[in-house]
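Put the complex together from the two separate chains, hints included.
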Amino acid sequence: MTALGKTTRPILPRAPGAPVYLDYQATTPCDPRVVEAMLPWFTEKFGNPHSRNHRYGWEAEEAVEKAREQVADIIGADAKEVIFTSGATESNNLAIKGVAHFYKEKKNHIVTVVTEHKCVLDTCRYLEQEGFSVTYLPVKTDGLIDMAELEAAITDQTVIVSVMAVNNEIGVIQPLAEIGALCRKKGAFFHTDCAQAVGKIPLDVNAMNIDLMSISGHKLYGPKGIGALYVRRRPRVRLVPLITGGGQERGMRSGTLSTPLCVGFGEACAIAKAEMGAENERLMGLRNRLLGGLKQRLPEIYVNGDLDHRIPGNLNISFAFVEGEGLMMGVKDLAVSSGSACTSASLEPSYVLRALGVDVEMAHTSLRFGLGRFTTDEDIDFAIDHIVEAVEHLRAMSPLWDMHLEGVDLKSIEWAEH
Amino acid sequence: MAYSDKVIDHYEHPRNVGALDKDDSAVGTGLVGAPACGDVMKLQIKVSAEGIIEDAKFKTFGCGSAIASSSLVTEWVKGKTLDEAASIKNTDIAQELALPPVKIHCSVLAEDAIKAAIADYKKKSG
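Just so you know, the sequences run in chain order E and Y. Residue numbers 1 to 418, in our numbering, belong to the letters of the first sequence in order. Residue numbers 1001 to 1126, in our numbering, belong to the letters of the second sequence in order.
Certain hints may be false.
As the list claims (entries may be wrong) - Computed cross-link-like contacts, DSS-like style, restricted to lysine-lysine with a CA-CA straight-line distance of at most 25 Å:
hint : chain 1 : residue 1 : chain 2 : residue 2
1    : E       : K106      : E       : K185
2    : Y       : K1078     : Y       : K1122
3    : E       : K332      : Y       : K1006
4    : Y       : K1078     : Y       : K1124
5    : Y       : K1022     : Y       : K1124
6    : E       : K411      : Y       : K1022
To be verified - Short, incomplete list of chain Y residues facing chain E, as computed with Cβ under 10 Å:
hint : residue
7    : Y1003
8    : F1058
9    : H1105
What the hints contain is simulated information worked out from the structure, not anything from laboratory work. This one's a predicted model, so the numbers in the text were calculated from it and none came from an experiment. Ideal placement from N, C-alpha and C gives every residue a C-beta, glycine not left out.
Only chain Y is shown next, with the shape it has when bound in the complex (with noise of 0.2 Å):
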């Protein structure tokens, strides 16, 4: 399949990758996909006291447009408000890569995962 050239960018230098202490309440994980699926996205998030995201890093497990995705949004959401983060759509996503359609599907997941690091953090701050 031919990428664009920003989706083999970010497969060949993904920004942001590893992992933030799961245990400190300022950090929310978000853990999306399946296996079974072929893609399995983990974003994290942290928090500052003043309600901005500082700090981003993810791991994923996935085909060339998954890994693209999740390193974009990694550089998307940090110096965001959750709210500004939370706004992302899957739709700037995937026209920021060009990604083609049957691709569209890593999107979601990097939107998902967003989500899913955000609810995890309001969960854990209360």
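For reference, chain E alone in the conformation it holds in the complex (with noise of 0.2 Å):
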């Protein structure tokens, strides 16, 4: 062990019998020390921070204001540059739409990645109902774009290109600084989704040439139900708002800010900034522990999504003639998430792996794992040793690990698709 024993990680204790977190990409439980800045901001301190009359109003303003220059700091801007919003989803939707419809006038082509989140493809496919043209851009094997077929798509009618940083499935990250500067010569605003990356990875919206970018709080262990979008002055980035009204936010999100919510928020930049070294390092002892240890007992899995170029705090495997959502009832002793089709309504596997050229048969087998602060070793050990066991319970009940093993190639079987 290195620093880590030093580190003032807070130990979060488990409820007895409740199952051990690996969903951290999902979201993130909000740390004790964040819950602890938030407290008083509810009660003795409640006041509303647009209120300029007395001292609750300018005791909240300048709460508000603290957390907003811990926002700007994790990501290297100014805090005049900072909007908060009510998450992720709603910056995605600001940025895109915002800018979109703004600049419609001069300039009606979006680029943006097929692997992008829901919430950015939604916007683009609803802003081509609206007649904007959108080139989605696809990825390589390894999940990350080819920066020649980026190139390639934008144009001078290109307003906006959105290209997330962390991708929520199989975690990994793309050229930013590299997108950026294409961008940045080709005249193309750069929107990054961030929700993944702030806090798990360095970032500089100057050096990066970041034009607006996305960020969540309750994915860096803040408060859910807050956001921020970060929107660049110099050169400046206009948009038209989703939410209009009192004004806040300089116009650009109307509607009284929760200060509980944004000081919880700058908390938790705060805390992600301070320990971002030592946190990677330790998740990334603790994922190649879960990686080694599964490889070690199990035969036939599969990492999806380039490993190197990739948040420590994420595994995406295909445990293959396992179905992805039998296998997730067979770890109920652990929150994980599947690819699988079988978790969800439509009967399509994750497109996400499917964008990486991932079969279709093994998309359906999939497991992400997501580790965050609260990871111990003992975690890793007993998800290893569970994983392991339901793997083969369920491989002894497969009928295509029984052809496997009979040396039966399923391709070579006309299966009959329902």
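So, in structure tokens, the structure goes:
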């Protein structure tokens, strides 16, 4: 163990019988230090941060502005460039629709990527109905975009390029600095959904030429229900607001700010910034332990997405011949996610894995493991044992595993698809 | 997804997992579904000289509902005649397991597996 024992990382006790939480890409618990910072702002310091007439308001405003600085600080921005929103979904909507609508008389083309979060893809689909044209870039088998393809996609009609920093399913990190430089050169705004990236990888809006950035509070141990949009001031990015009203947040997002949520979000950013280096090192150790342990004991498992260009807290693995939801039920003492179609209302497995070219069969067998601030060595060892046991049990019940052992090529069989 | 206790019970304690000798003329094997769809069921029946299903085994690649559906039908077909087994409907399976609507598909697969196993047996026994 390196410096980890000495960090102030608190321990979050698990309720008796509760599953081990390995789904940090879905959400994170609020850090107890964050909760502590928030508490006074619910009760005795309850003022409206927009009330200019008395001390309650001033005090709340000061707290909100401090939080805004903390959020700006973790991305190398100026506090004036940070707009509070309800979360990354709203931020992504505001960034893309807002810019598209503002500049629609001049430009009408948008570039994004097929592996983006649904809220970006759906926003783009919505704009297509309004008459915008959208290019959905493919990704390579490692999950990363091809810079030459991006360059070819950007035209003089392209108003905005939206590429997420870290993918929520496979944790791969896109080359933000290169994308930013290219967009700047081509005169298109660069928006990046950084919900999974802030606090996990170093970010600098100036060095990376990022014009708009979406951030989520609850993905970095802050409260749910708050996020932010970074909007560059020089060169200035203008947008049409989604929510109009009292003109708060420089007119870009009206509505009374929630002081406790802002304070918690700011505190979460400050903690993440201070601890990112040591925490990433610790998480890398845990991830290697998990992957190593599984690989040692289970044949026929495959990591989805590039392992090097990836945040340390993510692993996405296909367990061949075992269906993902079936496996998830088998590891009921672990809280994980599956890319399997059987967990969803649609019958298609993860579109992200499909975009990497993962076979549809393999996409049905994937689990996503999200490791985070409160994950321990013991959690990982427990997870390994639990997963190995479940996979072996289910493979023993799997007709495909039998065929594999008999040397039958599953692709040679004419399946009765239904 | 919140499952019924019966689905969870069959998932955690699957009945009749295993294989029968597929070359035995008294055994019918049904293999339905596709890996690309996320579920494959193999259902085998062993039929007595009197035409009664005296044993059944399954192996399933699939979600909890698929495993539960196949486990349930192995219990249901045992002791039945081929005609009785063939009359088992997916709606009976879905109702017994209280499958959520998106999982009705698993019960359809289980019904198909029974029919496929019976057809295989009949083909073999001429």
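Verification of the hints:
1. E:K106 / E:K185: 18 Å, holds
2. Y:K1078 / Y:K1122: 17 Å, holds
3. E:K332 / Y:K1006: Distance of about 16 Å is within 25 Å: holds.
4. Y:K1078 / Y:K1124: 20 Å, holds
5. Y:K1022 / Y:K1124: It holds: about 10 Å lies between the C-alpha atoms, which stays within 25 Å.
6. E:K411 / Y:K1022: At roughly 21 Å apart (the allowed maximum being 25 Å), K1022 of chain Y and K411 of chain E satisfy the hint.
7. Y1003: For Y1003 of chain Y, the interface hint holds, since the closest Cβ of chain E sits about 8 Å away, which is under 10 Å.
8. F1058: 8 Å, holds
9. H1105: 8 Å, holds
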